[in-house]
Amino acid sequence: MMTLTFEDFPPGHFGTFGPRHVTREEILAFAAEFDPQPMHLDEEAASRSMLKGLSGSGWHLCSIMMRMMVDGFVGRAASLGSPGVNEVRWLAPLRPGDDLMLDVDVTEARVSRSRPETGIVTFKSVVRNAAGQALCEMVSPIMLGRRAAGQAG
Amino acid sequence: MRFFEDIEVGQRRELGSFTFTADGIKKFAAQFDPQRFHLDEEAGRRSLFGGLAASGWHVGSVCMKLLVADGQRQAAEAAARGEKLAALGPSPGFRELRWIKPVLAGDTISFASEVEQLRTSEKRPEWGILQARNTGTNQRGELVFSLLATAFVARRNAGA
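The listed protein sequences correspond, in order, to chains A and B. Under our numbering, the first sequence has 95 at position 95, and the numbering climbs by one with no breaks. Under our numbering, the second sequence has 131 at position 131, and the numbering climbs by one with no breaks.
A couple of the hints might just be wrong.
Claimed, not checked - Restraint ranges, calculated between C-beta atoms of paired labels, are given here:
#1 A:D99 with B:G141: 44 to 52 Å
#2 B:G10 with A:H21: 39 to 47 Å
#3 A:E25 with B:A22: 37 to 45 Å
#4 B:A22 with A:A32: 21 to 29 Å
#5 A:E117 with B:A22: 42 to 50 Å
#6 A:E117 with B:E77: 48 to 56 Å
As the list claims (entries may be wrong) - Calculated pairs, SDA-like style, for lysine to any residue (alpha carbon to alpha carbon, straight line, at most 25 Å):
#7 A:K124 with A:E44
#8 B:K27 with A:A45
#9 B:K101 with A:E108
#10 B:K65 with A:E108
#11 B:K27 with A:R95
#12 B:K27 with A:E33
#13 A:K52 with B:S121
#14 B:K123 with A:T23
#15 A:K124 with B:T150
#16 A:K124 with B:R36
#17 B:K101 with B:Q131
#18 A:K52 with B:A75
#19 A:K52 with A:D42
#20 B:K65 with A:G72
#21 B:K65 with A:S82
#22 B:K123 with A:A45
Stated by the list, open to error - Part of the chain B face toward chain A, derived, beta carbon under 8 Å:
#23 E8
#24 G10
#25 Q11
#26 F18
#27 Q35
#28 L48
#29 G51
#30 K65
#31 P92
#32 G93
Treat the hints as calculated values from the structure; they're not laboratory data. Using N, Cα and C, we set each Cβ at its ideal position, and we do this for glycine too.
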């Protein structure tokens, strides 16, 4: 399969990926290791929290979004890593049993000034549950290699 | 967790440190970010990172881990003094996350959190909204990670 390069990411809708099923067990395992707050670990405490029921850690949800991006396109792209994340908005709780779909748009694509052989593509990713409710929005740049000069395509 | 009223802009807390091992980096990456420079030493050396590098989401998740542990330490100290505990609420998100330098296998990152802004919530009078800059610094004193986090913090007189 051809490697995706900077040129393959013009601004606009890029794709929709999923579904990714999320189990109660993985929500509890992630929370136990990285975010052991009662709202992510304990059904009874979670029911009394602002989120009204057991919910996955926001960092877990972001990590799942990353995995969906890697499986969807980053894994076959000339990815050079990312300098950061402009913004993450946690809009609604991740629940055990959710089936997630990820919608990815390219909001900006530009050639790097300091490294002209690479481009910087900014993605807006929205993850939704099966009911179509947006759970998290993320705006994040990824550095991508450019197609070599003279290469076909 | 301290109550909203007990928190001041500029307050800084050292959250502790964490060593990223090669095994830990690969385990997280295999699950959430299976890009070659997070999975394989040789691929890491050939990448812009110059070595096996932790996924940025791993670094952020470890920062969360140390934030929660620090909150639990504060809660235990408050309980020992016989004081009432404040609940840390959920977070609506964050901005300005920067992976400034790679976190490589063997690096020890010290995390800290400094309060940048406090405001009350009109929609939720029982909660205040805190903005804090969370940072990670490696064993050479280089800033490697930074983000501007937002969280709800319980107000002392909620429901009073």
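Checked hints:
1. A:D99 with B:G141: 44 to 52 Å: holds, 45 Å
2. B:G10 with A:H21: 39 to 47 Å: holds, 44 Å
3. A:E25 with B:A22: 37 to 45 Å: violated, 26 Å
4. B:A22 with A:A32: 21 to 29 Å: Since the Cβ atoms of A22 of chain B and A32 of chain A sit about 22 Å apart, the hinted range of 21 to 29 Å holds.
5. A:E117 with B:A22: 42 to 50 Å: violated, 29 Å
6. A:E117 with B:E77: 48 to 56 Å: holds, 53 Å
7. A:K124 with A:E44: Given pair K124 of chain A, E44 of chain A is violated - Cα atoms ~35 Å apart, limit 25 Å.
8. B:K27 with A:A45: violated, 30 Å
9. B:K101 with A:E108: holds, 23 Å
10. B:K65 with A:E108: Not satisfied, since the Cα-Cα distance of roughly 33 Å exceeds 25 Å.
11. B:K27 with A:R95: holds, 24 Å
12. B:K27 with A:E33: holds, 13 Å
13. A:K52 with B:S121: Distance of about 19 Å is within 25 Å: holds.
14. B:K123 with A:T23: Status violated; Cα separation ~32 Å.
15. A:K124 with B:T150: holds, 20 Å
16. A:K124 with B:R36: Since the Cα atoms of K124 of chain A and R36 of chain B sit roughly 23 Å apart, the hinted pair holds (cutoff 25 Å).
17. B:K101 with B:Q131: Measuring from Cα to Cα gives roughly 23 Å; hence the hint holds.
18. A:K52 with B:A75: Satisfied, since the Cα-Cα distance of roughly 22 Å is no more than 25 Å.
19. A:K52 with A:D42: Holds, at about 12 Å.
20. B:K65 with A:G72: violated, 28 Å
21. B:K65 with A:S82: holds, 22 Å
22. B:K123 with A:A45: It holds: about 23 Å lies between the C-alpha atoms, which stays within 25 Å.
23. E8: violated, 24 Å
24. G10: G10 of chain B check fails; min Cβ-Cβ to chain A is 24 Å, beyond 8 Å.
25. Q11: violated, 21 Å
26. F18: Since the shortest Cβ distance to chain A is 11 Å, the answer is violated.
27. Q35: Where the cut-off is 8 Å and the nearest Cβ of chain A is about 6 Å from Q35 of chain B, the hint holds.
28. L48: holds, 5 Å
29. G51: violated, 13 Å
30. K65: holds, 5 Å
31. P92: Given a least distance of 6 Å, the restraint on P92 of chain B holds.
32. G93: holds, 4 Å
When each numbered hint is compared with the structure, violations occur for hints 3, 5, 7, 8, 10, 14, 20, 23, 24, 25, 26 and 29.
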